[in-house]
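Listed in order, the protein sequences are those of chains A and B.
Here our numbering is used: position 559 in the first sequence is 559, and no number is missing along the way.
Here our numbering is used: position 545 in the second sequence is 545, and no number is missing along the way.
Some clues are possibly wrong.
Label-pair distances were calculated between CB atoms; the ranges are [as the list claims (entries may be wrong)]:
| hint | chain 1 | residue 1 | chain 2 | residue 2 | range |
| --- | --- | --- | --- | --- | --- |
| 1 | A | Leu-522 | B | Ser-479 | 49 to 55 angstroms |
| 2 | A | Ser-162 | B | Tyr-151 | 53 to 59 angstroms |
| 3 | A | Ala-30 | B | Trp-477 | 18 to 24 angstroms |
| 4 | A | Glu-525 | B | Val-427 | 29 to 35 angstroms |
With a straight-line cut-off of 25 angstroms between C-alpha atoms, the simulated DSS-like cross-links for lysine-lysine are [claimed, not checked]:
| hint | chain 1 | residue 1 | chain 2 | residue 2 |
| --- | --- | --- | --- | --- |
| 5 | A | Lys-518 | B | Lys-371 |
| 6 | B | Lys-425 | B | Lys-515 |
| 7 | A | Lys-500 | A | Lys-518 |
| 8 | A | Lys-64 | A | Lys-340 |
| 9 | B | Lys-148 | A | Lys-163 |
| 10 | B | Lys-167 | B | Lys-148 |
No lab work stands behind these hints, which were simulated from the structure alone.
Note that CB positions come from ideal geometry on N, CA and C, so glycine has one too.
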Amino acid sequence: MSNSIPSTEPQLNNQHTKSEFWRRGKPALALTALTLLLVTYSYFFVQPNLVSQYKKSILHSCGKVGITEQLLLSKLDSTDNKLRPSLESKALELTEKIALLEDAQLRLQRLSSEANDDDALRYDSAIVSISLADLYDENIQRLLKSGEQQKNGSVELENLISKSLNRRQEAMSNMQSIANVENGSVASMAKLWLMERQLANATLSSDISDRAIQDLQAVLATEPTNENARILMLRALTLSSLSVDGPSINQRLKFANVATAIANEVSAPTIKEQLWFAQSLQVIDPIAAQDLAFQSAQPFWSQKASVYNSVETLEAVFESLIINKNLTEAQAFVGEHLPKMTYYEQVSFRSQCAANCIRQTVAFVLNENVESQNNEMNSSRKPVNSKANIEVTRLIDLAVLLAPESDFLIAYFDTIAQDESKNEIAQRLASKFAESDDKTCEALLNSIRALRQNEEANLSHFVEHATSEKTSYAIVAAASAIKLAQTNQTTTGTAIAFLKLINDARPEILLAWSNRAKLHMLQQELPAALECLYHLQNALPENREIGQQIEAVQRQLEVPKDQTDASIGN
Amino acid sequence: MSTTDIARDELILNEPSVNPTVIRLWQSRFASPWFLLAVLQLPYVALYLYYLWASTHYQFYPVLMGAVGYLVYSRWSDQSATLAWRRFGFVCGVIGVTLSLFSSVVVSPWLAYLGFALTIVAWLAPATDNRSGASLCYLAWPLFLVWKPPYNDIATADTYLITFLQKLSASLSSPLLDILTIPHYMQGTIITLADRSFGVEEACSGVQSFFAILCIAAMLMVWNRRSLIHSLIVVVSSIVWAIVMNTLRITVIPPASLWLSIDLSHGMPHQILGFATMGLAFWMLYSTDNLLVYWFGSGEADLDPDESVKVARTNKQTWSLIVYPILLLLSISAVVQSLDLQKKAVRLVGGNIFLPLQGDDLPSNINEWQKVSYQQQRRTNDADFGEQSDVWIFQDSDHQATFSLDQTFRLWHDLTVCYGNTGWKIVEQNVVFGDDDQWPVVSAFFERNDGRHAIVMFCLFDRAGQPLEVPGYESWWSSIGNRIAKRFSFDAGDLFREQTCYQAQVFAVIDAEQKSARQDAALALLEVARNQIRNVGLQRLRNENATNERPQSNL
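Full structure from sequences and hints, please.
The structure is reproduced here in structure tokens:
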């Protein structure tokens, strides 16, 4: 049967030569060849060198920002001395530093993922993360001060805050996972890192320090000549012995003795290690400690005329001066070197020096306790050493002078204040902070904590500051009050009274109204809570959440809705 | 000639409007019983295609079916194919009709479409090509491209193929970025640069590349009547070109952003880049076909082995085959995106489907968890984590957890695959049941190269607020039995609908040592938050839809 349907297809008569097919087929062939070439080039030439290039770049970036290679455990490129960081290196803009560290961290993450769970790289990543978070914080401060956030809206600021928090969390998470799961030197370093941070925040957990020391003891038992483990142990013992809520005095003495033994065996201790040792030694032999600190500092004093090559060294010199009780010289030393540093280095340096002062303060108190214990044993009580008291006051003065904006001082003080035996130091610190403009309100909160036995008596004292003309103080005070109430239920009444005074003096501080409403609700004082909520609603009529809260409170009070509307209208 | 014959001839002559050629044409093409059986299957097929439209990577099927229809019309010859082909067609037809009958019992449009495609094979197999004289059944093969191949109880293979292609393309683009000296870090399918990151979307290996290129390759081979081996090589090359082009597309985005400050990852530039690489892939496909003709000949009987070679198409015709479908795809894509047809198509069934949620729908405290923040995220309608997510962050003493209500999905959604795409590797997975209501909840533990561990717990519920059974935990026979039982119950209508579903999930980074404790805490959070959101969201949705419908009914 023939097909009578006319074909709808186009004409089929065109002739094409083979060369035409070749011409049209060449692009596919060319692209195939190019793809294979790229794969081969990448496999044989790019990938093998990638790790070393990345490591070099990481060290370069970190060095420029000021993270020394000693801080990085993965032995990134210790032979390349050209990359050593120095204060003389070109002062970089903040944004440049951030870009460098972001790049370094990205490369560390990549290396870490390719090395599949390399603890040293993860440790380094955490170190870089924290430094990056510090830089973000610095940028936040800069934006707040310059008022740039008003021009660009709060988006950039929120973005920076979020980045900073994420980096800190990431670092903590990394360090905790290394410290919890793994054994070995990296785990020990992670534990020490956590210990140092906790000590800086005055919340050193004895559990962590004990575990770190036990781990290190285990390492030293199998490898008694492991220099790195010895140094770590020395540092761990030092930190542990100086922690406020750490081991008992007898344990401190024991630790200090072990530290002394180890320090004597370390073949070539660095100045930092000698100073750790001196700090430990101070517990059992202050004079020997001063000698050691002096000896440690000697090589550096001899080069005093020359430029010091790292913030770390400057800190060490300052520390030796503090241990030697050369406070006047220490203060002058700081005054001489601070102007040569960049802003970021200044912040770091001042914080470290202030931390040294506080640690030294604690060491003084511990010495007093040891002496009083000895005196009790000898049944011959001695009056409190007035010279030591003067030293303590001077040290605190210096700490506040060096780092008035440093949060860790406040946190450190919090812990001291919770220990009744250190109430005297707490009160001294509180009054010092209260004199400093920047930290008035936080200090007042601390006063409440330290002197909570006599809250009402002190209320008027801190309200005077909290209701000061500076809005930021009042806001901080209002925020602090609710924290106080959360800390201890019995202080809720005090916090409410505190907030009420702020409300009366500064009614525009809405946070105080909001927090007071919350506390009233917590105390089931619903009419008072309602009053605060009405005030808030009048100030923020578009906020739906307040309306919902009012309705919730009204339901509890069984107040008719009409009445509520009338009240709001008023 | 008898009187009856004369009367019959007169009757025929008295019908001037019916052309005898047309009658013969009709009889030869459409009088086949297989064609009639295929027509009978159309209701289920239409249902399958209606739901298939929701899968972006299959939205080319109208083009493909139109092309097949056109080719069948233009190439049909009345000559009968060989006995072998007719037998083959008969076997396919029997299987196809059986599948269709079975699909109507268990209400499976997916199975019905397979039966339909096989019946079409049975219809075309006895007919022959008007030029080559071979069986026409080769024209039915492209129809199988739009049938979602089976993989497991949770999803069809195309889903996993997309995931595989995403990962492959992303991993191939990493060495290219290394060659370009761009520092980067690849977490699953997310390329992270120092200050920004780019996600490899499904679209990168979806309609705009792999499936579309595969479709075009199949059509090109069918159109040019290429040999089986030639066709197979070109189809395989289409997969390679799709991957190469996707890799190129992904690789171009970071340097453009870094060096030229041009964001090619979103909006119109992203679309243009996608279409450019797709066009390049089509060109390479065409080029590959030509290369194969150069090396091995066209596979046609009339091909001259000498320098002069007869070919099936002129340049213009071959290009029209490539250009027209592309233009059509572009048009469809543009129309869909501008009118948001996909969403409206779904909404036609039952009004608004998104649960309207707010930050304060969850209380400040759930067990030991304290609410920290809330945000709503909008994405494209084929995004891994759903088109919309309402995300609440909670914090307990040590950890943060994210509760998210992701919407909407059709049937079950395997969330573990999505986390796999972001660099997490699954370590352990099981199904747990809540203490109160015995809802099945998938609990999965993940780890990542950076040493972090995480837990994900998730479950889905439908518009009635009922939990979805976790697939894979019911035997095949029992599943069939349940479907048949439901088919003859009052709820049979449910089987015809692909339910809109909502996914509740809790994600938390955890310490590896505290798996059990964190699982309990996460489950407790998920249960309370899910129940709260389900009640509030569904009620609000019903109210909204009722309010919207009321004025219409008054009219």
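Going down the list of hints, with the structure as the test:
Restraint check, Leu-522 (chain A) to Ser-479 (chain B): a C-beta distance of roughly 53 angstroms satisfies the suggested window 49 to 55 angstroms. Hint check: Ser-162 (chain A) to Tyr-151 (chain B), Cβ distance near 39 angstroms, so the stated range 53 to 59 angstroms is violated. The given range of 18 to 24 angstroms is broken by Ala-30 (chain A) and Trp-477 (chain B), whose C-beta atoms sit roughly 55 angstroms from each other. With their beta carbons about 50 angstroms apart, Glu-525 (chain A) and Val-427 (chain B) fall outside the hinted range of 29 to 35 angstroms.
The straight-line distance between the Cα atoms of Lys-518 (chain A) and Lys-371 (chain B) is roughly 15 angstroms, inside the 25 angstroms bound, and the hint therefore holds. Using a Cα cut-off of 25 angstroms, the hinted pair Lys-425 (chain B) and Lys-515 (chain B) holds, with the two alpha carbons roughly 16 angstroms apart. Of the pairs offered as hints, the one joining Lys-500 (chain A) and Lys-518 (chain A) holds, with about 13 angstroms between alpha carbons and a cut-off of 25 angstroms not exceeded. About 16 angstroms separates the Cα atoms of Lys-64 (chain A) and Lys-340 (chain A), which keeps this hinted pair within 25 angstroms; it holds.
Pair hint Lys-148 (chain B) plus Lys-163 (chain A) does not hold up; C-alpha atoms about 42 angstroms apart against a cutoff of 25 angstroms. A hinted pair counts as satisfied when its Cα atoms are at most 25 angstroms apart, and Lys-167 (chain B) with Lys-148 (chain B) qualifies at roughly 21 angstroms.
Of the numbered hints stated above, those contradicted by the structure are hints 2, 3, 4 and 9, listed in ascending order.
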